[in-house]
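Use these hints to put chain B onto chain A, whose structure you have.
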Amino acid sequence: MTPLLQTKSLSVTFETSEGLVHAVQDVDLTIEAGTTVGLVGESGCGKSTLGRAILRLFPENAKVTGSVFFDGKDLSALSAKEMRDLRGRNIAMIFQDPMTRLDPLMRIRDQFLETIRAHDPTVETRGAEQRALKVLADVRVPSDRMGMYPHELSGGMRQRIMIALCLLFNPALLIADEPTTALDVILEAQILQLLQSIMGRYNMAVLLITHNLGLVAEFADRVSVMYAGHIAEEGATVPLFREPRHPYTQGLLRSVIDLDTETLYSILLSSLRKTDGCV
Amino acid sequence: MTGWSARGRTSLVGRLLGRFISQSKTFAGIIVWVGIGIVLTIVVLAIFAPFLAPFDPNTKVATEETPPGGPFLMGTDRSGQDVLSRIIWGARVPLAIVAVATTISLVIGLPIGLLSGFVGGRLDRILVLVMDSIYAFPGLLLAIAIAAIIGRGVLNVSFAVAVVYIPTYFRVIRNHVASVKQEPYVEAAVALGMSKRRIIGRYVLPNVAQSVPVIFSVNAADSVLTEAGLTFLGLGLPPGIPDWGFDISLNWQRFDSAWWATFYPGLFILILTTALTFVGEGLNDILNPLLRKKEYKAAAET
Numbered sequence: 108m109t110p111l112l113q114t115k116s117l118s119v120t121f122e123t124s125e126g127l128v129h130a131v132q133d134v135d136l137t138i139e140a141g142t143t144v145g146l147v148g149e150s151g152c153g154k155s156t157l158g159r160a161i162l163r164l165f166p167e168n169a170k171v172t173g174s175v176f177f178d179g180k181d182l183s184a185l186s187a188k189e190m191r192d193l194r195g196r197n198i199a200m201i202f203q204d205p206m207t208r209l210d211p212l213m214r215i216r217d218q219f220l221e222t223i224r225a226h227d228p229t230v231e232t233r234g235a236e237q238r239a240l241k242v243l244a245d246v247r248v249p250s251d252r253m254g255m256y257p258h259e260l261s262g263g264m265r266q267r268i269m270i271a272l273c274l275l276f277n278p279a280l281l282i283a284d285e286p287t288t289a290l291d292v293i294l295e296a297q298i299l300q301l302l303q304s305i306m307g308r309y310n311m312a313v314l315l316i317t318h319n320l321g322l323v324a325e326f327a328d329r330v331s332v333m334y335a336g337h338i339a340e341e342g343a344t345v346p347l348f349r350e351p352r353h354p355y356t357q358g359l360l361r362s363v364i365d366l367d368t369e370t371l372y373s374i375l376l377s378s379l380r381k382t383d384g385c386v
Numbered sequence: 194m195t196g197w198s199a200r201g202r203t204s205l206v207g208r209l210l211g212r213f214i215s216q217s218k219t220f221a222g223i224i225v226w227v228g229i230g231i232v233l234t235i236v237v238l239a240i241f242a243p244f245l246a247p248f249d250p251n252t253k254v255a256t257e258e259t260p261p262g263g264p265f266l267m268g269t270d271r272s273g274q275d276v277l278s279r280i281i282w283g284a285r286v287p288l289a290i291v292a293v294a295t296t297i298s299l300v301i302g303l304p305i306g307l308l309s310g311f312v313g314g315r316l317d318r319i320l321v322l323v324m325d326s327i328y329a330f331p332g333l334l335l336a337i338a339i340a341a342i343i344g345r346g347v348l349n350v351s352f353a354v355a356v357v358y359i360p361t362y363f364r365v366i367r368n369h370v371a372s373v374k375q376e377p378y379v380e381a382a383v384a385l386g387m388s389k390r391r392i393i394g395r396y397v398l399p400n401v402a403q404s405v406p407v408i409f410s411v412n413a414a415d416s417v418l419t420e421a422g423l424t425f426l427g428l429g430l431p432p433g434i435p436d437w438g439f440d441i442s443l444n445w446q447r448f449d450s451a452w453w454a455t456f457y458p459g460l461f462i463l464i465l466t467t468a469l470t471f472v473g474e475g476l477n478d479i480l481n482p483l484l485r486k487k488e489y490k491a492a493a494e495t
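Taken in order, these protein sequences are the chains called A and B. Per the working numbering, the first sequence starts with residue 108, numbered consecutively. Per the working numbering, the second sequence starts with residue 194, numbered consecutively.
Bound-form chain A, shown alone (with noise of 0.2 Å):
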């Protein structure tokens, strides 16, 4: 059976005026149908920018190279076009940020009818008004929200509204960045639980970006290791976490707050070079 997405040696590299940046290097990442893949690591490993590299959301100075597969569809020979109605119906992206991800200038509503009729032109209103007044309801966020702006919402209010958002077409695969980073803790296992509840219900898999190995341990099935672009280790949430192998990931298992914490002094490899090595 051929997995959900799969990426081949995917790299991504920006032109700066210092030279290229190699954010992500030779990237093999596997999602299988409906399960949560893990993607850790220490900030500005690349992790995030692997999660984009997936729906090309670029600014024009990256380079992409490798390959993605989406389905067994290899997405890099999608036209503009078609890579433009995969996102947000095949695929979709939560944030971490979701007090600056909704158009402050926008009802919540319009926010979902600019949504559906972006992959549905010839929607009808009253018709799209019930699908979000469906899919809000699956993140258990009150009808009377519609009629709201963004800035009277919560925080966590605004990121279950990203996600309904993102359930609108009914998605493959969830690419989940950081999604409870500027969340406080309640509110961040609500969310998870909310997620996972959803993939259930939507046959849905979900890529989660996290530096919170508390998350992945609890949420994933399986876990990748980042590490200065790479993917230093990866295998089954459980084993791996029980017996990394990797130096960089029992560095980083380590530094997990215990009540006696070692602390991992790791050293955040320049991009600007590209690496071999141990990594």
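Calculated from the structure, these hints are not laboratory results. As the structure is a computational prediction, the values presented were derived from the model and not from experiment. Check each hint, because a few of them may be wrong.
[Stated by the list, open to error] Below, a list of computed lysine-lysine pairs in the DSS-like style, where the Cα atoms sit at most 27 Å apart: (1) A:Lys115 - A:Lys188; (2) B:Lys389 - A:Lys170; (3) B:Lys389 - A:Lys188.
Then chain B, alone, in the frame of chain A:
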């Protein structure tokens, strides 16, 4: 029915208007209303000129240079024509040219600015270069050159004036768009599968639209002066049409003996320009959130 559906979709214009009306009792709001009042009065004068003007503007009705008083409230000029009647009739041309010119520059400058700011790259660099060259040129000089090339007529003059103000729209909109397109909500919209056109029209345009009314009224104020300058120099209009700038050029050499024939047309140019500036500056205070925040801060500190 649930409450939200009653709060329907607000249009862009409705939103800006709402913000404006809610502020109408502040100092900025009063200034805007005063400006609008004066402009509307002049518009009414221009529209109903045939009924309001006491005399025909182009016929000799008294001895040359009769001082103000009696039937001639503002005196008569060197051709014996009634100054007040010429001013009332003369409001038509500047108002028409200002309206057409600022609309032309809005219709051209806004879309080019949106495109340039959103697309970026080489197109942006070329457009910025072209617009900056126009902007660097003295406005009146540029308008004179264009008016000299394309000839007389209200529409031609409007176009000449419009070219001068296209860059102001372009620069403000382009820079604003360049920053709005980096906003997280724009990236989120792309990730949800929006097309470029939808993003520009639904997400970027509403977020930059607040600058438009301000540029519009400030440009209008400035273009009154450009128009008066053009007609003062005798460019643009066929002879016989009353116009403030043109009337000044007819009478200014006789200022020592008949000041009123020059003074009153000049006064009206000043009034119209000031009124439009009031509208622009007041709107700027109301629509620009940064300025408003400063005001709140100042109010909180006292």
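Going down the list of hints, with the structure as the test:
1. A:Lys115 - A:Lys188: 23 Å, holds
2. B:Lys389 - A:Lys170: 21 Å, holds
3. B:Lys389 - A:Lys188: Given that 27 Å is the threshold and the Cα spacing comes to 10 Å, the pair holds.
Taken one by one, the earlier hints all hold for this structure without exception.
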